[in-house]
Amino acid sequence: MFRLLLTTALVTLPLVAAAQEITVGAANVAPYIDPGRDHSNVGSQFYYNTFDTLIDRDHGKLELEWVPALATSWKLVEPKVMEFKLREGVKFHNGADMTADDVVFSLNRMMQATFPPYVVRAKDRLGNFLRAEKVDDLTIRVVAEREEPLWETLMSLQQVMIVPEAYIKGLTGKADVAEDSDYEAFALAPVGTGPYKVAAFQPGEKLVWERFDDFWGETAPLERATVVQIAETASRVTALKTGEADIITNVAPDQLSLIDSDPNLKTEGSATALFHVMIMNQNHPKLRDPRIRQALSLAIDRDALNEALWLGKAIVPSTHTMAEMGALHQPDLVTFEYDPERARKLLEEAGYDGFEITFDTAATYYTNGLLAAQAIMEMWGAVGINGRVNVQDQWSGNDPEMMVRNWSNPMYFADPFGSFGVMWAPGGPSESEGRFNTDADYAKKWDRFRFSTDVADRNAAYVELMEEIKQDPPMLPLYRPFESWGMKQSVNWAPMPGHIPYVLDFRAGSISFAGN
Amino acid sequence: MTPYLLRHVLKAVVTLWAIVTVTFVATRLSGNPIDTFLGEGLTAEGRQALIDYFQLDRSLWHQYLAYLRGVLSGEFGLSFVDRRPVTTVVAERLWPSGQLLLTSVALTVAVSLPLGVLAAVYRRSWIGSAVMVVAFTGYAVPSFVLAIVMVLTFSYWLNWLPVVGNGTWLHFIMPTIAMSGGLIAALTRFTRNAMLDVLGQDFIRTARAKGLRETQVVLKHGLGNASITVISVIGLQIAGLAAAGSVVVESIFSWPGVGQMLVNAAILRDYPVLQFGVIAVAVAVVSINILTDIAYALADPRIRLARA
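Same order as they appear, the protein sequences are chains A and B.
If you count by our numbering, then the first sequence holds residues 27 to 542, one letter each, in order.
If you count by our numbering, then the second sequence holds residues 7 to 314, one letter each, in order.
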């Protein structure tokens, strides 16, 4: 009996040990790790395991459900002031205790940003917050400029994850001043409060997480997770086959069957909370007539693109909305349609004389981007539009000569403000690049949509904004691309509905192994 | 010997300056780092703030002169992306590339010298023809095709060899073969031709007439003299290999070397890394060429003793 136990133990021990370590083969590894300055799809893979926010959400659910994280409770003490009670006994990966000063520092480095990479990220989403203040050792307050309808949403952003003040200030130069070079150094040697500490980081190449034993929450399920860059798709799929990787990222739709046909492997995927969009320059001399742009949009059969390029797994939206947006999801609103007959009529009315319309795209930047552009040329051709694909790597969205091009509009946070709202705000990226115009009326609607504390009113304002987009279109959301991960059969992991795109969540409850 | 060396060093300096300049202009024409890695959703104002921060607002001339000044004082700048000194970024990638280069050269020499000699000695039999057919085929197959075919065969189907990184000696097998494929073909051909040249010379006939054994004639007198040509080819080919082959092969096998770094830097338009990476490769190529010239001179007394 004893021998049997011993042999069983010996046989199963290495299995358990092995299962606690995984290797992820990623198409890209971030060149730096700083949640404040980053909002890229590559970067978002890495933050949630390493850092915490004051407020978190239940990521297993599509519906918004806030859960305490580094703050245990929060309440509005004045119409524009939110007070947060901090969790006791939280430790940073370097062993230091998390204090109210760290929290105030983390928030103010964004809310009162001086480091340019922070400034640009803070302005578009955290612009309504004036400052954070310490009340006592376990209490802080955040002061907003106007009444804020999205307190929890904005306090759970990646950009306001909590970082250690003394550690950062001490990295370079004077130990009591936060210099730009401190932030630069921090991005290469990140320290947070999350369940995994970054044990090794080679920018753009490799990141190793190790379980952080002093984590305040439920212990991390993995001893160690290594993410290595395997840029080539073929090499990534092969690495999964050879067992060099347990999970691989960014599996293109045409590679899915390659993995699924292997009994030891499987794929998991979801329609990413991000739109591939087609943008149209409202100010190009030849496209000023909105009817031309309406026709460019109405001529495109997005369902056909989905079937052909994404095996029907992408999501084609009727308006700029996503299910993640909860009470602000408006699936019944129809802003974008396929109607080639109307497209033909509008072109005729506008007196379109067959001039060439260029569609800029990079060769490989967006999955299926070039193929979609080529298919769109055929669809345009069918209604009499003379289109031409212009392949170039350079971004042309700020070029007055740009007519049409592809782009993507991610959901930075689960609210229409976090997707449409950021990109198409008055004075936002699209307008300041000179291809989108807003007037006082649009600004008023946008303001109501952004700041009204009544959800119904926000929705009504959004409907009005979408009507403006429909009448004078600057863009067409094509689809939410279907993004897939390949993995061993024994790995239980899948992207969770409550995350922003591409997050590699290895926290307790998010990953486990079959058969152990 | 000294003026000979001096002339070569001078040539090398001019070459490097030309490379620095061409790289500088080419990288800046190809796109902007602000648009490539700082991503979507920047306002014009935010974009300007970043342009100022990275000092991309200066005129191209100003940037170029500032860069040249930096280069002359050994300052190559910081990576736009991770803000580390580019010298550090490149330095940590030199050894993996160097290792792969060494194994590839070793394999190339070990295979092509015997094959070349064989092809020359048996040039009229089927052995010679067979060697040359293989060599020409090797020449025609690009390294990325060879690499992908090997990955599919030995990793994807047979599951014998790993494809990611440089962790163990097993990791060296496919990248080394992929890097060496074209080289072996080239060097075999050169060795054969050099041998044919030498074997037709009078001193070979003399050697045979002295009654030396054929192996001694071929290996000592033949290969010994043919090696002069062969050395120069090895040098030049290594140089080409360092620059081109590594970019392709390192990307496919996620090899943490200079080639992979160059690809990433090009995608992100990380000018300083790209520039210094190209300079580092150029210095390697130029130094190898100089070393080749020296080796050539040492191997051939006619050059060594010539007054330049």
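Hint data in this document are derived by calculation from the structure and do not stem from the laboratory.
Some hints could be false.
[As the list claims (entries may be wrong)] Using 20 angstroms as the maximum straight-line C-alpha spacing, the simulated DMTMM-like pairs for lysine to aspartate or glutamate come out as follows:
1) A:195 x A:123
2) A:232 x B:51
3) A:149 x B:51
4) A:312 x A:249
5) B:17 x B:299
6) A:514 x A:249
7) A:111 x A:89
8) A:292 x A:280
9) A:149 x B:58
[Unchecked claim] To spell it out: a stretch of chain A is covered by chain B in this simulated footprint if at least three of its residues, at any positions, have a beta carbon under 8 angstroms from a beta carbon of chain B; those stretches are:
10) 141-154
11) 165-171
Note that CB positions come from ideal geometry on N, CA and C, so glycine has one too.
* Which numbered hints fail -> 2, 4, 7 and 11
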